[in-house]
Amino acid sequence: MTIRLGRREFLMGSSALAAAAALGVSPAWAQNALRLIFWGGQARADRTYAVTDAYAAAGNPGVEGEFLSWNDYWPKLATQTAGGTAPDVIQMDYRFIVEYATRNAIAPLDDIIGDLGEFDADQLEGGKVDGKLYGISLGANSVAMLANVTAFEAIGEAVPDNSWTYADIERLGEAFKAAGNGMAAMSDGSGSEPFLDNWLRQRGKALYTAEGKLGFDAADATEWFAMWNGFREKGYIVSAEDNALDTGAPETSMVALKKAALLPSNSNQLVIHQSVNDDTLTITSYPRIEAGVGGGHYRKPSMFFSVGGTAAEKQAAADFIRYFVTDPEAGKILGVERGIPCNASVREAITPTLDEQSQIALNFVSNLGDLLGPLPPSPPAAAGEIDTSLLRVLSQEVGFGGRSAEDAGQFFVDEATAILNRAAS
Amino acid sequence: MAVNAAEAAPQNAAFSTTKWSRAWQNHAPGYLFLLPWLIGFIGLTVGPMITSLYLSFTDFDLLTPAQWIGTANYERMFTNDRNFAAAMRVTFTFVLFSVPLKLAFALAIAMLLNRGMKGLPLYRALFYLPSLLGASVAIAILWRQIFAGDGLVNQFLSIFGIVGPSWISNPNYSLWTLIILSIWQFGSPMIIFLAGLRQIPQDMYEAASLDGAGKWRQFWKITLPLLTPVVFFNAIIQTINAFQSFTPAFIISNGTGSPINSTLFYALYLYNEAFSFFRMGYASALAWFLLFLIACFTAFSFLTSKYWVHYDD
Chain G
0 MTIRLGRREF LMGSSALAAA AALGVSPAWA QNALRLIFWG GQARADRTYA VTDAYAAAGN
60 PGVEGEFLSW NDYWPKLATQ TAGGTAPDVI QMDYRFIVEY ATRNAIAPLD DIIGDLGEFD
120 ADQLEGGKVD GKLYGISLGA NSVAMLANVT AFEAIGEAVP DNSWTYADIE RLGEAFKAAG
180 NGMAAMSDGS GSEPFLDNWL RQRGKALYTA EGKLGFDAAD ATEWFAMWNG FREKGYIVSA
240 EDNALDTGAP ETSMVALKKA ALLPSNSNQL VIHQSVNDDT LTITSYPRIE AGVGGGHYRK
300 PSMFFSVGGT AAEKQAAADF IRYFVTDPEA GKILGVERGI PCNASVREAI TPTLDEQSQI
360 ALNFVSNLGD LLGPLPPSPP AAAGEIDTSL LRVLSQEVGF GGRSAEDAGQ FFVDEATAIL
420 NRAAS
Chain B
0 MAVNAAEAAP QNAAFSTTKW SRAWQNHAPG YLFLLPWLIG FIGLTVGPMI TSLYLSFTDF
60 DLLTPAQWIG TANYERMFTN DRNFAAAMRV TFTFVLFSVP LKLAFALAIA MLLNRGMKGL
120 PLYRALFYLP SLLGASVAIA ILWRQIFAGD GLVNQFLSIF GIVGPSWISN PNYSLWTLII
180 LSIWQFGSPM IIFLAGLRQI PQDMYEAASL DGAGKWRQFW KITLPLLTPV VFFNAIIQTI
240 NAFQSFTPAF IISNGTGSPI NSTLFYALYL YNEAFSFFRM GYASALAWFL LFLIACFTAF
300 SFLTSKYWVH YDD
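Read top to bottom, the protein sequences are chains G and B.
Numbering of the first sequence is given in numbering that gives the first Met the number 0, commencing with residue 0 and proceeding in unit increments.
Numbering of the second sequence is given in numbering that gives the first Met the number 0, commencing with residue 0 and proceeding in unit increments.
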């Protein structure tokens with residue numbers, strides 16, 4: 000085959016291509032639309048886009064949304080921020096808000112956010128850094144124990160209520176073992192950072208102090224690992240080998256794989272877990288260290304909306320956020336998918352419209368009672384690394400028998416302190 | 000396909016006397032056609048590489064400007080990083096076992112296919128298929144299913160009364176499931192071996208069998224020596240790929256290198272440092288050290304090649 004491409008044909012072809020490219024890619028923000036970025040799944044995106052459509056339909060600026068998974072989200076946001084092209088409205092997490100705020104990557108909202116109505120004070124407080132408001136909470140949630148109701152019914156045990164204790168893990172562990180259907184009472188929680196945090200808070204300690212130091216000592220950590228060793232040896236929880244199958248996706252959880260009846264999770268995740276399970280699920284509290292001891296739970300701002308530090312239209316972005324959290328119709332579309340709405344009138348308006356799982360989640364977070372403790376200070380920047388590269392790995396080393404609980408407890412504290420010091424220097 | 004390129008050459012007579020200009024006239028069309036690639040190469044490869052070299056001497060978290068810290072990143076790698084040591088161990092184990100096994104397997108299949116059987120193109124395509132699929136997300140997920148506690152492998156073993164462990168989530172075996180996955184993707188070295196085998200003159204085998212050499216002896220004395228240039232090529236390509244292996248480990252452990260860092264490949268560790276913990280400076284240093292490692296290995300291979308690679312001429 001021979002193609003003779005003369006200058007004229009070449010020119011015509013390439014100019015046609017250039018023209019097509021120029022016409023085809025007309026960026027949406029060229030029309031002053033706001034750019035929004037958030038993490039989440041398709042269900043969250045559908046709800047979010049329904050709200051942005053309604054917002055635009057009411058004569059407001061259009062909102063161009065983009066969503067990614069949690070793991071992909073932070074590299075993308077950090078890259079865009081570094082390149083000076085961060086979106087106008089940014090979904091922000093409690094873990095990162097201090098980092099972004101202190102570097103002016105998100106803007107203070109005190110003067111532009113306007114009236115948020117009757118808004119939960121603790122949730123507003125959670126969005127503050129150095130006294131200034133940097134994030135508006137999109138909902139409150141709490142850690143919660145996911146429970147397979149069908150499995151409990153099958154062995155004739157009641158699903159634990161909010162008064163249950165660590166001693167009940169042993170009682171239920173024996174009951175599930177006696178049933179002999181290959182399902183343990185609970186997944187292995189020894190590598191779960193929120194679980195450890197909850198346990199420490201009930202003992203009057205914390206994962207991190209307000210100064211960003213470790214809030215517990217080696218003896219605590221050793222006791223934690225030893226307790227889980229006891230559960231594991233007696234077969235009350237799943238084996239280390241089974242637990243390592245869980246990659247964090249709902250489909251690979253020990254409940255979804257029918258290896259455990261209880262799984263540490265969050266109140267707003269009941270909806271997503273139910274969507275991948277045939278059995279009926281519900282949520283209950285994390286166990287108490289002793290009957291009557293509370294204070295382990297707290298109402299965490301599940302996520303925030305913040306305004307990009309370099310956003311050109313900060314006021315317009317703030318207006319959209321205000322609409323997002325205070326408009327009852329928007330609230331009905333969003334439901335409790337991002338957590339329990341913080342605006343009282345929105346909460347009232349949506350309650351009758353919620354499905355069963357959402358009702359359960361709302362009731363759970365609203366009725367924590369004496370389980371509720373104060374909001375902990377936002378964690379230091381290295382907390383994520385301590386969680387993924389230290390706590391999870393150590394819990395597996397102990398689980399597989401490669402390290403004793405004493406050894407792991409001491410190592411955890413030494414290594415975590417080193418990581419915190421390195422990050423601070 | 001011939002493109003009439005000469006028309007695009009600049010026709011400037013004023014400079015045609017100088018040597019430089021004559022060279023330009025001769026080569027300009029070539030460079031013109033290379034231009035899109037050159038722009039891409041300089042803008043997307045050379046530029047970022049230089050930037051990354053600079054960043055490897057800095058502390059950079061994307062949000063605050065990079066700060067020059069000299070060789071601290073490189074020092075930390077060797078003195079104060081447990082995970083770096085773990086990643087090196089995992090990666091070297093992977094390279095050491097996956098590459099020779101994969102090449103042996105590819106050569107065996109290639110020799111099987113080289114016997115002029117019917118429907119050869121079909122078989123060739125079938126055997127190549129895993130290489131096309133191997134790096135995909137779907138296969139990594141499938142691998143989890145096959146090697147899980149109640150997966151295909153253990154169901155097969157249970158026929159013989161063996162209760163197998165959960166291969167993929169047991170730190171003693173998890174890396175081996177990834178080595179097997181890599182061996183299974185033997186397609187591209189196989190195709191290259193097949194081409195190499197075709198180059199070996201048939202009369203050599205005829206002469207050898209007249210002299211009474213058996214199949215085994217023929218393989219060691221004729222096939223393998225004449226195939227060494229191809230083995231050499233495949234070994235280098237596969238080793239470089241193995242050092243950079245990322246996708247299967249990332250998908251199978253969801254990016255954590257779990258259980259107990261037993262699948263923490265070098266590239267996965269680098270990725271985590273960069274995009275989970277935002278230590279771009281340190282990650283850049285890791286990337287340059289990986290380049291150095293691969294360069295060392297390749298140089299070593301070339302230096303030793305004269306002792307074991309036999310070229311015809």
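Honestly, the hints are just simulated from the structure, not real lab data.
Nothing here was measured: the structure is a model prediction, and the numbers come from that model.
A couple of the hints might just be wrong.
[What the hints assert, rightly or not] Taking lysine to aspartate or glutamate pairs in the DMTMM-like style, the calculated list, with each CA pair at most 25 Å apart, reads:
#	chain 1	residue 1	chain 2	residue 2
1	G	212	B	80
2	G	233	B	149
3	G	176	G	278
4	G	75	B	149
5	G	131	B	149
6	G	127	B	60
7	G	176	B	80
8	G	257	G	277
9	G	257	B	149
[As the list claims (entries may be wrong)] Chain B regions said to be covered by chain G (calculated; three or more residues, Cβ under 8 Å):
#	segment
10	168 to 182
11	266 to 276
[Unchecked claim] If you anchor each label on the Cβ, the simulated ranges turn out as follows:
#	chain 1	residue 1	chain 2	residue 2	range
12	B	37	G	406	20 to 30 Å
13	G	274	B	32	47 to 57 Å
14	B	52	G	101	23 to 33 Å
15	G	152	B	160	33 to 43 Å
16	G	101	B	125	51 to 61 Å
17	G	177	B	246	38 to 48 Å
Note that beta-carbon positions come from the ideal geometry of N, C-alpha and C, so glycine has one too.
Item to check | Hints violated by the structure (listed by number, smallest first) | outcome: Hints 4, 5, 7 and 12 not satisfied by this model.
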